[in-house]
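Protein chains: 2
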Amino acid sequence: MKRFYNHRDTLVAEGIDGFLRSSTGHHLCRLDGHANIHVVLRRDWDKSKVAIISGGGSGHEPAHAGFVGKGMLTAAVCGALFASPNVDAILAAILEVTGDAGCLLIVKNYTGDRLNFGLAAEQARLLGKNVELVIVADDIALGRGPHARGIAGTVLVQKVAGYRAETRASLAEVKQAAADAIKGTVSLGLSLSDVNVYDPEHKTRLNEKEAELGLGIHGEPGTERISVDKLDVLVSKAADTLVRHLTDGQHVIMLNMLGAVPVLEAQAVVDALYRNSIADRIDFLIGPAPMMTSLDMYGFSLSAIPVRANFIEALQSPVEPWAWPGITPFRDLQTRPTPSLPETFTYQPSSDPYMRNLITRGAKVLIDNEKDLNALDAQIGDGDAGSTFAEASRVILKEIDRLPLASPKELCETLGRLLARNAGGSSGVLLSIMFATAGQEKSWRKGLEAGLERMHRYGGASAGDRTMLDALFPAIAALQNGNLDQAAKAAREGADATRAMPARAGRAAYVPKEQLKNIPDPGAEAIARLLEGISEIS
Amino acid sequence: MKRFYNHRDTLVAEGIDGFLRSSTGHHLCRLDGHANIHVVLRRDWDKSKVAIISGGGSGHEPAHAGFVGKGMLTAAVCGALFASPNVDAILAAILEVTGDAGCLLIVKNYTGDRLNFGLAAEQARLLGKNVELVIVADDIALGRGPHARGIAGTVLVQKVAGYRAETRASLAEVKQAAADAIKGTVSLGLSLSDVNVYDPEHKTRLNEKEAELGLGIHGEPGTERISVDKLDVLVSKAADTLVRHLTDGQHVIMLNMLGAVPVLEAQAVVDALYRNSIADRIDFLIGPAPMMTSLDMYGFSLSAIPVRANFIEALQSPVEPWAWPGITPFRDLQTRPTPSLPETFTYQPSSDPYMRNLITRGAKVLIDNEKDLNALDAQIGDGDAGSTFAEASRVILKEIDRLPLASPKELCETLGRLLARNAGGSSGVLLSIMFATAGQEKSWRKGLEAGLERMHRYGGASAGDRTMLDALFPAIAALQNGNLDQAAKAAREGADATRAMPARAGRAAYVPKEQLKNIPDPGAEAIARLLEGISEIS
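For the protein sequence lines, the chains are A and B, in the order given.
Residues 0 to 537 in numbering that gives the first Met the number 0 are what the first sequence lists, from first letter to last.
Residues 0 to 537 in numbering that gives the first Met the number 0 are what the second sequence lists, from first letter to last.
Since the hints were derived computationally from the structure, they do not count as laboratory data.
A virtual CB, placed ideally from N, CA and C, is assigned to each residue, including glycine.
DSS-like cross-link-like pairs, simulated, lysine-lysine; straight-line CA separation at most 27 Å: (1) K208/B with K512/A; (2) K512/B with K202/A; (3) K202/B with K1/A; (4) K202/B with K516/A; (5) K229/A with K202/B; (6) K202/A with K229/B; (7) K208/B with K202/A; (8) K1/B with K236/A; (9) K208/A with K202/B; (10) K512/B with K208/A; (11) K202/A with K1/A; (12) K208/B with K1/A; (13) K229/B with K1/A; (14) K512/B with K236/A; (15) K202/A with K370/B.
Pairwise CB distance ranges, derived in the manner of DEER restraints: (16) E172/B with D279/A: 43 to 53 Å; (17) Y346/A with D99/B: 24 to 34 Å; (18) S226/B with D331/A: 43 to 53 Å.
Kindly produce the complete structure, drawing on both the sequences and the hints.
Written out as structure tokens, the structure reads:
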């Protein structure tokens, strides 16, 4: 198990202090003096409004400390990993932030949280504090009975209650708003992995083809084991189940990421939602963002709350906590047409049998060498050098009837644009630059020299850097006073010389030297083979 | 490989559209009409200021599209996964957003990006656009030579340039600001994993004990393979290397997360930085946040830029993109003393040999049964039921001389507070609630009944829900007119009956029914064993 932590037992305290030192938690403070009391609270709190406290086990960051700040929570009580905070910690939070306006505790429906928050509330009342408590049970995985868990929908409840408190509502009104939000909120999770709570001996219960639907955020097994599938299928599994629990009318959907999902995939989940039939029921979207995570779980959860004026007003209000990702109308993708781009073929096609033969032969050489060059590249790079040259060749062959073959200048210009547009990889663009520059000169010999100089300038590589320039430099020099045959020989010598060169440009620069030993640069090798191939017909 | 995607080739387009539909990208739009052109841009852009364009391969989200918006980028050009965008895409972006004030391209130092952005800039100039280009090479892993890569520090350059453009600076001034930021910025990455670019056959190059320092963001191997270690050691490895590349004076540090690290661990990294000697060189912190990720890489990078008035002014200015996590002075953790909590021992200790014997014996029974009850719990829960009871027992034994043993009422009250404060787990709090309530009644028999009712109310469990209540209900009923012996028998029958009960509360409620078969509830079993144990001495 490779993870970033010093010790399981110190991680929560270190995480909280790190958060308070971070640019997203710097407006907060914490209570000090007890090793087992972790309470994060607003620094600017003056007790003039109803305080909102939430909390629970840690391991769900940014929940709950990340949602402390003007407009949401007043304080968060953080337990150990996946364990309820103790009564003293909760009581300390209540005593610290509760003024005459009172305090609302927002508690997720787990036995430990119910008991500790409940007992703390009792003790606070004995001490004269006006405390109310609501229990969030949004998870529909086990049905909406008394044992439904509180999961990501808790954040929606915190946002609604936080807004009402901010508007100076009474404790009764804030509690009612929270209760309304709780009644309306449903959630469901889906994950490709379970969670490892820093147990080096942890064995996952899922194999490579298994995922879970209806899972909790503390490592409880999902209610349904499902097959791993394409994103759209997985999103359907979750959305189709959730939709059956929606009340009539339109909804706000919150997309919560569970911890280990890359940002790109989180964004793709939104697009998958848009393609799903649930999209017809969604008027607003919150996220995607990690809000109620489960450490390193590779999953997401969907939460829904009905579109009602009071909920929307509350959810749209700006808040201080950075972890809140805002809300937006759902069907709002705007596009603009791509501006007109220069035409590729601006010259009349013209014919020249020799040039046509030369180009056809050159393209064939590169296509024939595709696998060979890929294999060479695979030893030191990403293994696509051959395909890049072959693809460029195929593009040229396909368009050969549209090329102005009779004019070297027009041909170079057109090839430059064609390659810029259609050839992949660095080598395609480098050749495009060479042709485009060559096309600006009257003499094609001088043109090729000028093109080489531009390749060097844009690409940043010099002679001896182990790139295709090491074949092109000698070949084009030989061409100035010689023929294709001499150029081919010079290219071959240049390519062979790269076997002994250290890499100083491109991807190979990151490969250990020993690994490069005696392998020619695939780009230089391609140039040598190309020239050798076409010199045979000249 | 379990990941959220439909197909490698469609992921980038789906991710971009998802982002534009999300609550964090809804203020943006994209160019439409070409399958290979992915350009995200500001919707509100009026071309009155210098445009800032950045881009590169995808797989680094939120970079770069996530940083498009007022105050930072005007547009982002997104290539395929880890592959430079093509010339047409970059050219389209330039043509769409560039007005008379001109346009700055911020390019990371990779051959593909240099070439494509360079060629696009050339073509745009031919079309009359005023375009400048800067190349970011902040990665110190390969030294600060011409082949240093552009990594997370690019975001700092974008922020500085974006601010200058927002203040209506000229293109030359914006370019100079970007060049200054580039010159000052250094970065270094550390990862526990490599990256899998959606290759189901991917084999990691790192074993379970290996990490890498000085890695790129495209899966290139790190320059140094290091041993996995505690967080503080790993942070030292990165910070000690980075510090050698800092210029004199104080710095801003940006903590970028690479993709798969849980939020809690990201926060812990900040705290580790604070303990490292590099902290003396840090005046400001940005993050932690995923800014320049590498898909699912489990790592982070540190970037540094000197504290200079112009940089700080630029970095502190508010911006529209949500992905920017703000900046904060680094040594700013504030605390408040924990408010005074009620005393545990409010009564004079008193002695009663019988009660002392009863308590000692009961505690010993629970301590002796610790392993047994844990093993029972491991089959259906998290395996700590025995430890919870044993720990509560140890606490009581430790404090037995401070207990008011001679007064049942005072004893119950004190035990309630003692357990609330020191016992872990739900069962500890439940017993605390029972004792605290019992302590409020004159008759201890009635008190125990009242306590039971509170346990039910706070815990949410009823008789038959497979909890310790199923032993306590019959035991305390038997005590009303009987003795400990009868109570023990009733508790044993109650505990045995839980073997056939479905779980409806606590963690066991999430365990499949078949798995529970014939296993008694560990809490009920503990109560039965406790009463059986102490009845022998009564």
